[in-house]
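Enquirer: Sequence:
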Amino acid sequence: MVAALITGLSRRGEIALDSPMQMLRTIPSLALVPLFILWFGIGEFTKVALIVMGTTFPVYLNLFSGIRNIDPKLIEAANTLGLSRRELIWHVILPGSLPSFFVGLRYSLGISWLALVFVEQINTTAGIGFLASDARDFMRTDVIVICLLIYSVLGLVIDGIIRTLERYALAWRPTFVRN
1 MVAALITGLS RRGEIALDSP MQMLRTIPSL ALVPLFILWF GIGEFTKVAL IVMGTTFPVY
61 LNLFSGIRNI DPKLIEAANT LGLSRRELIW HVILPGSLPS FFVGLRYSLG ISWLALVFVE
121 QINTTAGIGF LASDARDFMR TDVIVICLLI YSVLGLVIDG IIRTLERYAL AWRPTFVRN
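Under the UniProt record's numbering, the residue at position 38 of the sequence shown is numbered 38, and the numbers go up by one with no gaps.
No lab work stands behind these hints, which were simulated from the structure alone. The beta-carbon is built from N, C-alpha and C at its ideal position, and this holds for glycine as well. Keep in mind that the hints are not guaranteed to be accurate.
[To be verified] Listed next, with one range per pair, are the computed distances between beta-carbon atoms:
1. I122 with R167: 30 to 38 Å
2. D159 with R68: 19 to 27 Å
3. L30 with D159: 18 to 26 Å
4. H91 with L165: 16 to 24 Å
5. M139 with W90: 51 to 59 Å
6. G110 with I37: 20 to 28 Å
Start from the sequences, fold in the hints, and give me the full structure.
Expert: Rendered as structure tokens:
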């Protein structure tokens, strides 16, 4: 989020940070599994690091886009009202970019499930992904289907939580006002 704020608010920040971010973004996070296992060993930290690596970029890109697509009339009005740069960021830019942030967050959560399943099948001796992988070895399609259902229900619950947070955080937007 900090990188998106820096690149979204400053051309110099974009020049300095966006190219390295784009280079990292193009590396498939699942291709990093062998390297992360060598660096960090087999454990929870490796799983978390891979999930973070895979989920950072959708949030970054959406927040960057949200900041850059703030209506210039709002910025002009804020400047006319005499808002300082800090007030402009806090009262105009951040609220205006929140919808894009939530889109990136929801997309990232889907990617995090993919990464979690993949990492659990390769890198652990416990978890739903391990259970599905173990069931594959014993040709237990019923267990595999149950594991997939568990993942889909958990994904739906987490998406619902994020959507609830989104409705709360964006209650000021006309599209979220209740009748």
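Enquirer: Check the structure against each numbered hint from earlier and tell me which ones fail, lowest number first.
Expert: none
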